Amino acid sequence: MSDDEEEIILRDLNDEELVAQMQDDLYDGLRDEVFEGVEILLERKWDPNAILSDALVEGMRIVGIDFRDGILFVPEVLQCASAMKGGMGLLRPLLAASEHAASTGKYVIGTVKGDIHDIGKNLVGMMLEGAGFEVIDLGINNPVENYLEAIDKHKPDILGMSALLTTTMPYMGVVIEELDKRGILKELPVMVGGAPLNQEFADAINAHTYGRDAAMSAELAKTIIGRNR
Amino acid sequence: MTRTIISSATKEVVMGFDQPFVMIGERINPTGRPKFSAELKAGDYWRVKEDALAQVAAGAQVLDVNAGVPLADEPKILAEIVELVQSLTDVPLCIDSSIIAALEAGLKVYKGKALVNSTTAEEEVLEQVLPLVAKYGAAVVAISNDETGISEDPDERFEVAKRIVEHAADYGIKPEDVVVDPLVMPIGAVTTAGQDVFRLIRRLRDELKVNTTCGASNVSFGLPNRQAINNAFLPMLATAGMTSAILNVTHEGQVAAVKAADVLNGVDPHCANWIKTYRQPPAEGEGRGGRRGSRRRG
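Protein chains in written order, with my numbering: chain Z, 582 to 810; chain H, 30 to 327.
Since the hints were made in silico from the structure, they are not lab data. Fair warning: this is a prediction, and the values are worked out from it, not measured in the lab. Check each hint, because a few of them may be wrong.
Unchecked claim - Derived DSS-like pairs: lysine-lysine, alpha-carbon spacing no greater than 30 Å straight-line:
#	chain 1	residue 1	chain 2	residue 2
1	H	191	Z	694
2	Z	694	H	164
3	H	203	H	305
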């Protein structure tokens with residue numbers, strides 16, 4: 582950033598300018614600025630749902646596009662996600678209290694049993710949060726019981742599983758089978774992803790959707806929700 | 030001095046602190062290569078041949094062989110391509126699978142002393158991989174993570190590596206046949222990933238006295254111009270004490286970066302390897318046009 586750039590006073594902006602600026606700040610990964618923007622909009626009596634969708638989710642949508650197209654890179658997207666989280670910290674309690682849920686949907690995500698890789702899964706989680714999903718992250722090394730418990734407790738709209746090893750990916754099939762046995766699979770779309778996977782494998786284990794990468798997975802998740810509503 | 034020796038029927042490769050950095054070619058691996066996956070599954074191995082020859086020509090001293098195709102008969106494919114690669118080249122192989130039956134199938138047909146890739150410190154994995162390594166007299170890559178995941182703390186990862194080395198000894202596997210992979214994290218996600226791994230390598234070398242390897246290109250995940258990062262990283266790893274890496278030798282500048290590091294770290298005496306590789310003989314002239322192979326005296 583050059584020194585001669587004019588400093589922007591967020592409070593001096595009208596609503597429309599401020600929202601546009603927040604999207605830019607989100608894109609630039611400026612956590613404090615995004616946080617301040619959310620504060621100002623709340624002071625101006627904006628509905629938390631509107632702040633989430635107009636400023637944060639829309640900002641992250643643009644981040645997602647440029648990430649997909651190879652213009653933004655992982656460290657930058659991690660900063661964007663951190664900026665989004667900053668704003669969400671303010672919004673979350675208000676959203677929880679508000680009448681209509683603003684979240685795009687609930688998404689339970691976790692790496693399967695025997696597998697301890699989480700960078701890819703974390704990226705997907707961030708892109709989902711960016712797309713307005715409420716993400717419940719189960720972490721790594723999850724046996725089927727963890728997924729069942731989380732589904733029972735959180736009633737997600739989508740379940741996502743990740744695996745980075747050819748030895749652990751069949752476990753996704755084990756989880757899906759168990760969901761089927763319990764009659765949950767009819768209601769719950771299951772997404773799978775991870776480096777060794779492909780569409781063929783996803784089909785073979787009866788997964789609903791295969792997500793090739795983080796940006797794509799968030800897009801596909803939105804499509805699933807759109808279809809189910 | 031710790032020396033890890035792996036071999037084919039006719040050729041030995043030595044890893045050691047006073048040895049040139051060993052480059053293990055990573056290309057024979059279908060992960061993220063859908064066409065290659067489909068071909069392997071269909072028993073069409075032309076790309077294996079091509080990758081094997083190209084990597085050896087580019088300077089790989091060892092080839093990693095992985096047949097991790099989802100829903101395929103991995104043990105069968107791995108055994109077949111191990112045999113195929115051994116019929117084409119004389120470099121030792123690194124037999125790479127997370128499926129025990131596949132490791133065993135590969136080891137069964139392998140001629141020489143293989144490097145098995147890999148075990149972790151997870152009980153279940155250790156108990157299955159180490160007996161195989163012992164049975165076939167192989168060496169093994171030991172990845173420094175356990176059931177709880179990959180620790181962010183390099184000192185904890187050191188302890189995990191130490192545990193594997195001790196466990197290997199219980200199976201009669203010598204410490205020099207355990208090559209520790211300290212796990213390189215993406216620098217784009219973890220700013221200290223480089224520093225952490227350098228510190229860990231130094232400890233592994235000075236205290237545990239083991240050879241080390243890693244998937245070096247992981248460091249540049251998610252960044253533009255990955256090759257430049259990788260090319261800078263490899264000499265830094267070598268200087269910290271790493272003795273081998275699994276890498277893409279066909280990438281521009283990668284082999285040169287490693288060989289230059291050998292020169293600068295003093296493990297290429299008289300710069301002989303370097304000169305042999307990069308000397309440009311004159312088209313014509315009165316000289317001999319460079320030294321030929323060395324003739325043993327005495």
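Do the hints match the structure? See the list:
1. Restraint check: the Cα-Cα separation between residue 191 (chain H) and residue 694 (chain Z) comes to about 24 Å, which is no more than 30 Å; the hinted pair holds.
2. Distance restraint check for residue 694 (chain Z) and residue 164 (chain H): the Cα-Cα separation of roughly 28 Å lies within the 30 Å cut-off, and the hinted pair is therefore satisfied.
3. In summary, the hint linking residue 203 (chain H) to residue 305 (chain H) is not supported, as the alpha carbons are separated by about 35 Å, beyond the 30 Å threshold.
Hint 3 from the list above is the single one not met by this structure.
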